[in-house]
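Student: Now for the letters of each chain:
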Amino acid sequence: MNNTLLSLTIAILFGIGTFLILRRDIVRVIIGLGVLSHAVNLLIVSTGVFDGTTVPIITDDGGHGAAEATGTVFTDTLSQGILAPVLEAGHHVQYVDPLVQALVLTAIVISLATTAFILILAYRIYEEYGTTDIRELRRLWG
Amino acid sequence: MIALEDHLPIILIATPILMASLMVLLRKHPGVQKALSVSVSFILAILSVLLLLQVWSGGIQAYEVGEWGKYGIILVADLLSSGMVVLTSFVSFLALIYSLDYIEEKSLSASYYPLFSLLVAGLNGSFLTGDIFNLFVFFEILLLSSCGLVIANEKGGVTKSSDKMEATFKYLILNMVSSIVMLIAVASLYATTGTLNMADISVKLSAMSAAGTLPWHVFAIALMFVVVFGNKAAIFPLHYWLPDVHPTAPSPISAMLSGVLIKVGAYGMLRVFFLIFIDTLYIFKPVIIYLALATIVVGAISAVAQTDVKRLLAYSSVSQIGYVFLGIGFGSVYGLTAALVYLVNHAIAKSMLFLTSGGIIHHAGTRDMRKMGGMVDSAPFMSMMFLVGAMSIAGLPPMGGFIAKFQLFDAGIGEQYYFAIAIALIFAVFTLFYMFRAMLLMFWGEKRDVAEHGEYSTHGTSPLMAVPIVILALMIVVFGLYAEPLIALANATANQILDPQPYIDAVMTRVVR
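Chains D and A, in that order, give the protein sequences. Plus 63 on top of the position in the first sequence (first one is 1) and you've got this note's numbering. Plus 29 on top of the position in the second sequence (first one is 1) and you've got this note's numbering.
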């Protein structure tokens with residue numbers, strides 16, 4: 064996994080998201096929030112690559128016959144003739160934590176719901192105020 | 030029959046979620062909705078008290094959702110979380126009764142009941158969960174349902190819907206940014222420790238700290254949690270959404286937001302900092318204290334200048350949550366006890382004041398206090414109740430607020446935080462001033478200029494609106510005159526917070542299959 068490239072992508076996405084949030088147009092702010100939440104999703108996925116020692120995968124099956132921790136996971140490497148989940152003996156690959164992908168799935172669904180809600184809200188604000196300029200939203204001031 | 034007492038934590042979360050979907054299906058039958066939601070809310074209040082009694086007598090309870098041991102989601106009921114659940118269930122039950130007569134019928138049956146149930150589910154869930162990512166999920170449930178509820182229409186329509194949208198927009202944007210920050214913090218914490226279970230994280234971080242290998246970025250993560258919970262609780266640099274959102278929400282929802290929802294921030298602070306980041310606390314205690322002092326000062330000064338009754342109450346909430354955080358910042362048993370007593374008393378008094386302000390707004394037809402006056406003759410009930418609430422918030426002797434403030438200042442002096450206590454005392458005088466300024470403007474003095482502003486409405490307070498207010502007012506007086514049980518409970522809770530070992534044992538000794 065090319066972690067430098069991944070980190071760079073995440074950083075650039077964070078930058079773009081922050082820039083868009085600071086704009087005056089409501090729609091750009093919302094797009095910025097979307098970009099930011101995807102940057103966070105990438106960040107979560109990037110935490111899922113381990114060197115094999117700290118992964119929360121239970122390798123022991125609870126005493127029903129010893130299951131040896133083989134240190135193998137299911138990664139396709141077609142050039143070596145490995146097709147998941149069938150793995151030849153003796154192959155040792157990097158762990159990829161499955162939990163973070165469940166977390167990202169949850170985070171994506173949540174950000175979908177929030178974005179849907181805020182888009183509807185932005186549309187109603189446009190109807191009420193006749194503008195998408197965020198500086199015009201100042202009726203509550205004072 | 031399944032043993033009810035074994036499954037209380039999940040029942041308290043699952044029942045409101047089930048109710049939310051049932052309420053959507055039943056929207057053509059408002060009568061059924063009303064009876065069902067009120068009775069279920071009442072049952073939940075009783076069950077939450079049962080849970081608290083169980084935890085009080087039987088120790089911390091861990092409930093596995095899905096039998097995965099510490100690798101799955103665990104619900105943990107200790108004294109702090111079950112106490113907060115009791116507070117939530119109680120305030121939400123009273124707010125629900127109040128809203129039956131307060132919210133417009135159409136809005137009530139189409140969206141209000143389901144969202145209210147979801148809000149209760151989110152609150153109970155975030156108090157009971159023992160998994161930090163699950164906490165994030167429940168925060169989002171809270172956020173979305175409360176946004177929907179802020180927009181709900183009340184009868185009479187004093188607040189314009191454009192105001193509500195503007196306030197909700199601010200609330201949503203700020204809270205989305207804070208939930209992004211929370212996700213970053215959770216992801217980094219997971220990358221550091223390889224687990225999401227709060228007790229497990231605590232064990233691993235303590236081990237790292239004992240070995241002297243606590244990574245520096247743990248401090249950054251802890252700072253992110255300060256931002257997240259500070260935003261939920263409206264702590265000083267992040268409080269700007271609160272004075273817009275709480276006044277524009279319908280009064281029962283303001284009561285829920287001010288009474289319970291901002292306490293989620295205080296709860297998160299207590300849970301995360303005293304369980305997970307114990308070893309970083311020596312840096313963050315002063316940070317919390319100074320943020321709390323800034324919050325007290327800014328909230329109190331802003332509240333003095335307000336002319337809108339609900340805006341005044343909202344700024345007062347900002348100021349009062351500062352006192353709660355001050356107690357958390359002291360970090361001793363006595364300080365935490367004081368913070369918890371303060372939290373409960375403020376929740377009850379502020380919910381009651383917001384409910385009362387709903388009645389006042391109905392009566393006067395405006396939220397502007399300059400357009401009121403002399404209402405003690407036309408609305409004696411409201412003025413009585415407002416006086417009780419105002420006395421409690423200001424901290425005058427027979428009410429619960431006095432006990433809370435006394436304990437907090439006593440704790441601070443005992444811990445030799447003289448500067449903090451001096452500032453807190455000066456601004457407690459401000460509290461007294463702004464609460465009684467509101468009292469004078471609204472109830473005493475001349476009756477308002479009828480030719481310019483119109484007569485006060487003649488219909489009296491409906492019983493469904495009066496009963497919750499009276500119950501809360503009675504509780505304020507009871508907590509003031511007979512404070513021993515509450516203080517004992519708060520003291521036991523504070524001891525439990527400061528000694529996380531039983532919590533960790535209760536979670537970690539599960540059988541892993």
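Rather than coming from a laboratory, the hints here were simulated on the basis of the structure. The structure presented is a predicted model; accordingly, all values stated were derived computationally and were not measured. Virtual Cβ for every residue (Gly too), placed ideally from N, Cα, C. Worth double-checking, as some hints may not be accurate.
[Claimed, not checked] Once the Cα atoms are required to be at most 25 angstroms apart in a straight line, the calculated SDA-like pairs of lysine to any residue come out as:
no.	chain 1	residue 1	chain 2	residue 2
1	A	Lys199	D	Leu68
2	A	Lys184	D	Ile84
3	A	Lys63	A	Glu93
[What the hints assert, rightly or not] Rough simulated footprint, nothing fancy, chain A against chain D, three-plus residues with beta-carbon under 8 angstroms:
no.	segment
4	66-73
5	93-102
6	161-169
7	185-199
Student: Count the residues of the segment 185-199 of chain D with a beta-carbon closer than 8 angstroms to any beta-carbon of chain A: does the count reach three?
Tutor: Coverage by chain A holds here, the residue count being 5 at a Cβ distance below 8 angstroms.
Student: With a Cβ-Cβ cutoff of 8 angstroms, does the segment 93-102 of chain D contain at least three residues near chain A?
Tutor: Satisfied; 3 residues make the cut.
Student: Below or equal to 25 angstroms on CA atoms is what counts here, so check Lys199 (chain A) against Leu68 (chain D).
Tutor: 35 angstroms, violated
Student: Hey, Lys63 (chain A) versus Glu93 (chain A), does the alpha-carbon distance stay inside 25 angstroms?
Tutor: 33 angstroms, violated
Student: Three or more residues of the segment 161-169 of chain D near chain A by CB distance under 8 angstroms?
Tutor: holds (count 4)
Student: Holds or violated: Lys184 (chain A) and Ile84 (chain D), Cα atoms, limit 25 angstroms.
Tutor: 36 angstroms, violated
Student: Can the segment 66-73 of chain D be counted as covered by chain A under the rule of three residues or more with Cβ-Cβ separation shorter than 8 angstroms?
Tutor: violated (count 0)
Figure legend: structure checked against the earlier numbered hints; hints not met, in rising order: 1, 2, 3, 4.
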